[in-house]
Each structure stands twice: as structure tokens, then as C-alpha cells.
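Enquirer: Residue numbers 1 to 170, in the working numbering, belong to the letters of the sequence shown in order.
Don't read these hints as lab results, they were simulated from the structure. Mixed in with the good hints there might be a few duds.
To be verified - Computed Cβ-Cβ distance ranges for the label pairs, DEER-style: (1) T30 <-> Y71: 31 to 39 Å; (2) D78 <-> F37: 35 to 43 Å; (3) E16 <-> C91: 34 to 42 Å; (4) K68 <-> M1: 24 to 32 Å; (5) K14 <-> T65: 33 to 41 Å; (6) D15 <-> K136: 30 to 38 Å.
Stated by the list, open to error - Calculated cross-link-like contacts (lysine to any residue; reagent style SDA-like; alpha-carbon spacing at most 20 Å): (7) K75 <-> K2; (8) K136 <-> I92; (9) K3 <-> Q33; (10) K3 <-> L31; (11) K75 <-> D42; (12) K73 <-> K2; (13) K35 <-> D55; (14) K75 <-> T86; (15) K14 <-> I25; (16) K82 <-> P64; (17) K35 <-> F24; (18) K136 <-> T87; (19) K82 <-> G21; (20) K73 <-> T127; (21) K68 <-> N6; (22) K2 <-> I49; (23) K35 <-> I58.
We put the beta carbon where it would ideally sit given N, CA and C, even for glycine.
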Amino acid sequence: MKKEDNTIFYNGRKDERHENGVRFIVNDDTLPQVKGFTAVNDRLCYIRIAGPIFDVIIINAYAPTEEKEEYLKNKFYDDLEKIIDTTTNSCIKILIGDFNAKIWKEDMYRPTIGLNDLHDVSNDNGTRLINLCLAKGFNLSSTYFTRKDIHKQTWIAPSAASLKLWVATP
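Please model the complete structure; the sequences and the hints are all you need to start from.
Expert: Here it is in C-alpha cells:
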């Protein structure tokens with residue numbers, strides 16, 4: 001899909017319901033470096049971009065919310081692991097997206113989660129994200145840099161601020 005000077009790679013619902021869906025918006029100047037886009041399902045997609053030395057695979061994810069059924073969360077993480085495991089290891093892999101995860105300030109995970117998290121308690125999605133990062137050798141880059149709390153949150157619910165957008169890198 002074209003919009004102004006950008007190309008949109010989208011996978012998700014095509015009807016009027018605004019549920020799920022993941023996308024990349026690529027500036028047309030960068031478009032020649034795009035080697036491929038793969039839509040896995042309405043919660044996962046990835047794009048491969050040619051780099052000067054290594055290609056980069058960016059995986060875009062939208063995890064089920066905390067209250068969703070266990071089997072949906074399990075399927076999401078199984079699908080995500082399959083992408084990580086089956087895409088070539090000669091590329092740099094980056095995870096981005098809304099993981100609906102709250103990560104607690106727990107010392108044993110510091111090498112993976114950094115020092116600058118926002119939450120005092122992890123939720124189930126947070127634990128799942130940490131375990132995935134530990135198993136696959138990723139770090140949650142979103143929490144590695146010192147910022148004011150107001151700049152750490154990516155979404156403000158009526159009940160509380162939340163860091164929802166996470167970036168994980170090897």
C-alpha cells in the first residue's frame with residue numbers, strides 16, 4: 001500500500017474492526033534495500049533489509065493482552081520463537097512491538113533487562129518476554145538507557161502509565 005512517500009507493509013484485519021494487525025512503514029528512499037516482507041499472522045510479521053555488511057531482520061509483534069487465554073499467548077510465543085529460529089543466523093535480528101509486558105526491577109535479570117524499567121511488578125507477559133530474551137540471547141534495549149519515567153512510557157491507560165513498546169536486540 002502506498003501513502004505519500006512511504007510504502008506500508010501490513011498484515012491484519014481488512015474489515016472495520018480495529019483488532020490486531022502489524023505493519024511496517026518504509027520510506028520510498030529505503031525501499032530498494034527491502035529484500036522481503038513476511039506476514040506470519042495478524043500478530044507477527046517481519047521485514048528483511050539489506051545492510052552494508054549484514055542484513056537486518058526486524059520482527060514486529062503484537063502480543064495478546066494479559067487477560068487473554070493461555071493458549072493464545074502460548075501460540076504467539078511459539079510462532080515468535082519459530083521466526084527467530086528459522087530466519088538465517090547471518091542476519092542481525094531485532095524484535096519490536098507491543099508485547100503488553102510489564103517488567104519488574106529484578107536483579108537476576110539485569111543483564112537482559114537493563115536498569116531503567118518502569119514497573120514495580122512483572123505481569124505474565126513480562127515474564128514470557130524475559131524468558132524469550134534469555135533463551136534467544138536478546139536484551140531488552142528499551143530499558144538500557146536512562147530516561148525520565150514520563151519518557152519511558154509508551155501508552156497511558158486510564159488506570160496507569162505503561163511501557164508497552166519494547167525493543168529487543170541480540
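Enquirer: Between K73 and T127, does the CA-CA distance stay at or below 20 Å?
Expert: holds, 12 Å
Enquirer: Would you mind confirming whether the straight-line C-alpha gap from K35 to I58 stays at or under 20 Å?
Expert: holds, 12 Å
Enquirer: Given the proposed pairing of K75 with D42, does the C-alpha separation stay at or below 20 Å?
Expert: Roughly 12 Å between the alpha carbons, so the hint for K75 and D42 holds.
Enquirer: Are K75 and K2 close enough, with their CA atoms no more than 20 Å apart?
Expert: violated, 31 Å
Enquirer: Would you mind confirming whether the straight-line C-alpha gap from K35 to F24 stays at or under 20 Å?
Expert: holds, 13 Å
Enquirer: Has the given pair, K2 with I49, been kept, meaning a C-alpha gap of at most 20 Å?
Expert: holds, 18 Å
Enquirer: Taking the beta carbons of K68 and M1, is their distance inside 24 to 32 Å?
Expert: holds, 28 Å
Enquirer: Using the beta carbons of K14 and T65, state whether their distance is inside 33 to 41 Å or not.
Expert: Hint violated: Cβ distance 22 Å, outside 33 to 41 Å.
Enquirer: Take a quick look at whether K75 and T86 sit within 20 Å of each other, Cα to Cα.
Expert: holds, 16 Å
Enquirer: Taken at face value, is the distance from the CA of T87 to the CA of K136 at most 20 Å?
Expert: holds, 13 Å
Enquirer: Given the range 34 to 42 Å, decide if the beta-carbon distance of E16 to C91 lies inside it.
Expert: Since E16 and C91 have Cβ atoms about 37 Å apart, the given range 34 to 42 Å holds.
Enquirer: Is the Cα-Cα distance between K136 and I92 20 Å or less?
Expert: Within the cut-off at roughly 13 Å; holds.
In summary, the structure is inconsistent with hints 2, 5, 7, 12 and 21 from the numbered list given earlier, while agreeing with the others.
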